[in-house]
Amino acid sequence: MYPELRYEKVIYQNPLLALRIWRIDEEERTPEEIQRQTETDWQEKKYVKWHYHKEIELLYIVQGQQTAFCPDEKLILNAGDVAIFGSNEPHTTMPTDLQLSHYVFQVDLQNYWDQSTMNSMKRFSEVLRPLSSLNYICRENPEVRKRIGSLIKEIHDEMERGDEGHDLAVTAMFKQILMLLIRHDHKLCLHYNDNPMLQRMQPILDYVDEHLGAKIAISELCSRINMSYTYFIKQFKLAVGMSFTDFLAYKRIKRAEQLLLTKNLSIAEIAVAVGMSNMGHFYTMFRRYNDCSPGQFKERLGQPFQSS
Numbered sequence: 001m002y003p004e005l006r007y008e009k010v011i012y013q014n015p016l017l018a019l020r021i022w023r024i025d026e027e028e029r030t031p032e033e034i035q036r037q038t039e040t041d042w043q044e045k046k047y048v049k050w051h052y053h054k055e056i057e058l059l060y061i062v063q064g065q066q067t068a069f070c071p072d073e074k075l076i077l078n079a080g081d082v083a084i085f086g087s088n089e090p091h092t093t094m095p096t097d098l099q100l101s102h103y104v105f106q107v108d109l110q111n112y113w114d115q116s117t118m119n120s121m122k123r124f125s126e127v128l129r130p131l132s133s134l135n136y137i138c139r140e141n142p143e144v145r146k147r148i149g150s151l152i153k154e155i156h157d158e159m160e161r162g163d164e165g166h167d168l169a170v171t172a173m174f175k176q177i178l179m180l181l182i183r184h185d186h187k188l189c190l191h192y193n194d195n196p197m198l199q200r201m202q203p204i205l206d207y208v209d210e211h212l213g214a215k216i217a218i219s220e221l222c223s224r225i226n227m228s229y230t231y232f233i234k235q236f237k238l239a240v241g242m243s244f245t246d247f248l249a250y251k252r253i254k255r256a257e258q259l260l261l262t263k264n265l266s267i268a269e270i271a272v273a274v275g276m277s278n279m280g281h282f283y284t285m286f287r288r289y290n291d292c293s294p295g296q297f298k299e300r301l302g303q304p305f306q307s308s
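Position 69 of the sequence shown, counting from 1, maps to 69 under full-length UniProt numbering, and the rest follow consecutively.
Note that these hints are calculated values from the structure, not bench results.
Please note that the accuracy of each hint is not assured.
Calculated cross-link-like contacts (lysine-lysine; reagent style BS3-like; alpha-carbon spacing at most 30 Å) [what the hints assert, rightly or not]:
no., residue 1, residue 2
1, 187, 54
2, 146, 54
3, 9, 49
4, 263, 45
5, 298, 263
6, 45, 175
7, 237, 54
8, 153, 187
9, 187, 215
10, 254, 298
11, 215, 54
12, 234, 175
13, 298, 153
14, 175, 254
15, 54, 153
16, 251, 175
17, 175, 54
18, 251, 9
19, 251, 298
20, 54, 254
21, 74, 9
22, 263, 234
23, 153, 234
24, 54, 251
25, 251, 263
26, 9, 237
27, 175, 215
28, 251, 234
29, 215, 146
30, 54, 74
31, 234, 254
32, 45, 251
33, 187, 175
34, 234, 146
35, 74, 49
36, 187, 237
37, 146, 74
38, 175, 263
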């Protein structure tokens, strides 16, 4: 990563949904000299004051004009426009008109991976190119642009109200956005490695689900599907979209979240139940996925949701 960049730690409104969404209303445009310098820096690949985060980001412009930059593209966004940036993709924005109003939607895609949707979700793994390569979809297709913009606003409103079942509504609407991107990606910018390897890996996925509380040795998994260690590691990442180590940690932390909210167990008991008996490692991994400790997670989710 470039040394000029700033890492942004996204604080989720709801850890289970792993997202943050808010509306920004600005009344001042970026001074001309800063606009010129920002464009010059972009042309010279000097990413001064740019930032990145592991979450993907979508912008929806309600009023005014905003200029956005990512390494490969400059976007002039007007009312009704939508833009997307990939996970850990450097970007920066600046208001280039008075009275700018827009939504910012940041979400951790990994939180929405499950076995029922894995075949589609792996398309967003950014193996070959960042998700900003999909910006052509909303630029060329006004119907898709309008629908995604409406979904972003609806997600924001659901999070603001926090009604019962808002988590189901938000999840469904976000997956609609992903579905629209998949179905209208006629340039095939997403990851379309449709080999049968995912099907071959299915017994491994099932085994992991059934044995999260036990020690899982990669050598044992390799023997189950008759693969060498090196070949398994490579093919698993290609098929699933993340390394096996990351996948296993993700599944264990998600199971821990469920136990924290549904079982009257101590944190130590939960760590053992998900196969992480080393408490230091468990806390480290839990914080990586939730930006809080297990105790804070349980306390936060035990309270009625309040939008921030």
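Hint by hint, work out which the structure violates, then give me just those numbers in ascending order.
-> 4, 6, 9, 22, 23, 27, 29, 32, 34
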